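Trainee: Below, each chain spelled out in residue letters.
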Amino acid sequence: MTARIGVVTFPGSLDDRDALRAVRAVGAEPLALWHKDPSLHDVDAVVLPGGFSYGDYLRCGAIARFSPVMEAVIQAAKDGMPVLGICNGFQVLCEAHLLPGALTRNSHLHFRCKDQALRIENNATAWTSGYDVGARAVIPVKNGEGCFVADRQTLDMLEAEGRVVARYIEGSPNGSMRDIAGITNERGNVVGLMPHPEHAIDALTGPSADGVTFFTSVLKALVSA
Amino acid sequence: MSAHIDTVTHAAATPDAELPFAELGLKDDEYARIRDILGRRPTSCELAMYSVMWSEHCSYKSSRKHLRQFGEKVPPEAKDILLVGMGENAGVVDVGQGFAVTFKAESHNHPSYVEPYQGAATGVGGIVRDILTMGARPIGVMDSLRFGPADAHDTHRVLPGVVAGIGGYGNCLGLPNVGGEVGFDETYLGNPLVNALCVGVMRTDGIKLATAPGPGNKVILFGARTGGDGIGGASVLASATFEAEGERKRPAVQVGDPFAEKVLIECCLEIFAEDLVAGIQDLGAAGLSCATSELASAGTGGMRVVLDTVPLRDPTLAPEEILMSESQERMCAVVEPAKVQRFMEICGKWDVTATVIGEVTDTGRLEIFWRDELVVDVPPRTVAHEGPVYDRPIARPADLDALNADDANALPRPSSGEELRATLLRLVGSSNLADKSWITDQYDRYVLGGTALAMPDDAGVLRVDDATELGIALALDGNGRYTRLDPYAGAQLALAEAYRNVAAAGARPLAVTDCLNFGSPEDPEVMWQFTEAIRGIADGCLALGVPVTGGNVSFYNQTGSTPINPTPVVGVLGVIDDVARRRAIGFDLDGAVIYQLGETRAEFGGSEWAHVAHGHLGGRPPRVDLDAERALAKVLVTGATEALIGAAHDLSDGGLAQALVESCLRGGRGARISLPGGLDSFVALFSESSARAVVAVSPSNAAAFEKLAADQGVPLARIGVTGGDSLEVDGLFAVGVDELRATSSAVLSGLFD
Chain A
0 MTARIGVVTF
10 PGSLDDRDAL
20 RAVRAVGAEP
30 LALWHKDPSL
40 HDVDAVVLPG
50 GFSYGDYLRC
60 GAIARFSPVM
70 EAVIQAAKDG
80 MPVLGICNGF
90 QVLCEAHLLP
100 GALTRNSHLH
110 FRCKDQALRI
120 ENNATAWTSG
130 YDVGARAVIP
140 VKNGEGCFVA
150 DRQTLDMLEA
160 EGRVVARYIE
170 GSPNGSMRDI
180 AGITNERGNV
190 VGLMPHPEHA
200 IDALTGPSAD
210 GVTFFTSVLK
220 ALVSA
Chain B
0 MSAHIDTVTH
10 AAATPDAELP
20 FAELGLKDDE
30 YARIRDILGR
40 RPTSCELAMY
50 SVMWSEHCSY
60 KSSRKHLRQF
70 GEKVPPEAKD
80 ILLVGMGENA
90 GVVDVGQGFA
100 VTFKAESHNH
110 PSYVEPYQGA
120 ATGVGGIVRD
130 ILTMGARPIG
140 VMDSLRFGPA
150 DAHDTHRVLP
160 GVVAGIGGYG
170 NCLGLPNVGG
180 EVGFDETYLG
190 NPLVNALCVG
200 VMRTDGIKLA
210 TAPGPGNKVI
220 LFGARTGGDG
230 IGGASVLASA
240 TFEAEGERKR
250 PAVQVGDPFA
260 EKVLIECCLE
270 IFAEDLVAGI
280 QDLGAAGLSC
290 ATSELASAGT
300 GGMRVVLDTV
310 PLRDPTLAPE
320 EILMSESQER
330 MCAVVEPAKV
340 QRFMEICGKW
350 DVTATVIGEV
360 TDTGRLEIFW
370 RDELVVDVPP
380 RTVAHEGPVY
390 DRPIARPADL
400 DALNADDANA
410 LPRPSSGEEL
420 RATLLRLVGS
430 SNLADKSWIT
440 DQYDRYVLGG
450 TALAMPDDAG
460 VLRVDDATEL
470 GIALALDGNG
480 RYTRLDPYAG
490 AQLALAEAYR
500 NVAAAGARPL
510 AVTDCLNFGS
520 PEDPEVMWQF
530 TEAIRGIADG
540 CLALGVPVTG
550 GNVSFYNQTG
560 STPINPTPVV
570 GVLGVIDDVA
580 RRRAIGFDLD
590 GAVIYQLGET
600 RAEFGGSEWA
610 HVAHGHLGGR
620 PPRVDLDAER
630 ALAKVLVTGA
640 TEALIGAAHD
650 LSDGGLAQAL
660 VESCLRGGRG
670 ARISLPGGLD
680 SFVALFSESS
690 ARAVVAVSPS
700 NAAAFEKLAA
710 DQGVPLARIG
720 VTGGDSLEVD
730 GLFAVGVDEL
740 RATSSAVLSG
750 LFD
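Going down the list, the protein sequences come from chains A and B.
Just so you know, we're using numbering that gives the first Met the number 0 here: the first sequence kicks off at 0 and counts up by one.
Just so you know, we're using numbering that gives the first Met the number 0 here: the second sequence kicks off at 0 and counts up by one.
Hints are all accurate, no fakes.
DSS-like mimics (lysine-lysine), calculated; alpha carbons at most 30 Å apart, straight line:
1) Lys338/B x Lys35/A
2) Lys26/B x Lys60/B
3) Lys338/B x Lys348/B
4) Lys64/B x Lys78/B
5) Lys633/B x Lys706/B
6) Lys35/A x Lys348/B
Stretches of chain A that chain B covers, calculated by requiring three or more beta carbons in the stretch to come under 8 Å of a beta carbon on chain B:
7) 45–59
8) 101–114
9) 190–198
10) 202–216
In short, the hints are calculated from the structure, not lab data.
These figures come from a predicted structure and were not determined experimentally.
Backbone N, C-alpha and C fix where the C-beta goes; we use that ideal spot for every residue, glycine too.
Construct the entire structure; sequences and hints are all you get.
Mentor: Pasting the structure below:
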């Protein structure tokens, strides 16, 4: 018994193949979803991968949020389907108002690719249940607009409700408020994450295999459900 | 309206009408030859085409005579691996298991000086399309960059823009940037070098060529719409020397749209997968003029194009401008009529604009129509392949003897432990040797998930496909100072360094591409440097058994009458059967034995030490020994394959000292070194003798490794052991790894943040 996990390809998606590879690596069934297709083809979970969706010359993710596939993703997320937005996917989730806050230009104004240390803050989400709270994971970040911002009330709410999923440690790569690297929705099924766990599934091609737990966590949740 | 169109009929009727051929960069005799070919004066559209296609940038008119050496001095290894040789968009190499690799480097120096961001961005875009055109999926990029002094005012205008442009374009295409080099020298202050390399992979049966066979086949232009950008770029920009004209030339630099190119890549790969094209060409320099004339002359010999059908971004463009436009992200395909519908469907899926603009004919003529009038009627070969060939005068530089006599070995040297320590830190903290992560962290090195090694390791290593452990390695190197002192040796040293870097990463060197950056070919001394460098590369490739698969020539790299140091940049491709056996430079284990391989002589001509400590350039570059390089590579590759070697790093700029520093920093641990006997400590640490490397070997493998080196006749010295938190040399001095890191990483961030 396994689960089918869809990865959306927008025309400017770049890390979609990597996300599909990660899904396959943990034994789930990967399925590529096309941005113009409003059907989710009976997937059990969805990954919105990194990239530049529709070029992102406007605000990142601002156009993607209106694509046919996103209408289905938004509805499914509201119904409880696990959704992981990585980097550009996180930006799309914020634009779609599935997650609060916004990702803005890095505080140093440069794109930065870095092997980043994170602390996992919440293991109650569909995507992080396999981690221990407080675990250190080294996962690449690579973005130009990864600086998480929200008003103080929202930040306090996220902290109070334990909805900060991961935090940058040993130095912030982008100036995010309260070093936030990832957050979740109230229900814990939707997670947005700036770092790229799909690039940390094998030490041959990434800095570590620390990211694989995002994918094993959701598979376990789906299979045991 | 038709009265304003300079048709073929009109041209024949008005033989004495004056055309601005000189403003378009054509010489009197070149214009006369065009009139000869056509038997009349050219139309303005024809003149536009000839002027861009006969520019130095497109026609290689000064270099072609000399580039023939690459075809004449072909190593025997070529016949086993070379699937497509020089002359196509890029060479194709068989890497085994049914995979073929295509790679090429290209310069975008002048545009990057005028408009750093767009110049560098479109340089990446152009080389990626060259690789795509061969039928390959691009899987990685690298770049070789040279700027003026890091603290110079203009470097602060140029460098951040170039780096952001390379990142902005390459990151958005989803291509990992896995290596290259960055250098600083006064010689590049008014003329930076921006050389971009792309590598792609395909199945050996998937190669596509730039040809237009089959009368009746449709010519389809697809990708971005045509606009007014880059008009005359090829002739006006790339082939003229900079005076104080930067401002005026700005509109001639193209503007890039990486999202359009990303979509074009995916669209092309789907089209290739269904075998829908008979021939394909990208639109780069000289735009439609180049694509139509090259496709037609390589095919059945004729093509008919209706220029009115070209989708325009700017409807006011004149036909001459449409022909010359260098708008980016465009491709031109030749498609059988029965396959046009499916071709269009795939373009529709990706929202790529595609238009039938003409068809292949058997007339032997390239005929182009505008408003129902014939405005171009030429034999396409005369545009694309029969441009002028010059035999430029050559003269050995008058100052070379004096320069060679000014021996760097005679410069005052440090000797005490304290002086050597200070010298080491000064070099570590110099712009050329300092940590480059301020630059390279602006590039995505992880996308596509196949990166097994990237900068600051010696070579970029990429797995060619998920389904295999087969990998490729690439290194890109050049040294303008060595080449200034001796262009034949300097070019070979660049080749040897890239070859050594690939071997140090554990890959077997296979093939070569080059990007030749020189001053004006109209200067006989520059021409001498150029011919010597080509001779050096061709002879070197023959000796090392690695064929040249293609390359690029960039002339007119000078400001006023002062040319840059001649800078041939050489890229070497290697293959590694099991990508997990690649070797990084970092000392990643305690207690490993450190060996130095190769022979050290007192060689400081053109060295980083002479440059940093004395601002000196003189003497002779290090001696070239290609047999020694070949033997060293054998030891490095076998040592990696048999898992004897833990870490390996080539010795180049800054010598042994710099290599040890980099291996300590990369591995996060120190080393205790005792320098080999019989050599002055300064020479042992800072000489730049070639054909050398350091390796770290676990004690249990030491005997086997020593035997391997002995079997290949490679001199070996046991010089120390890894571990601790400082680099200690012989009781002479010690420097903490933290201090090394702080010194190295402070340089670029201090200057550019």
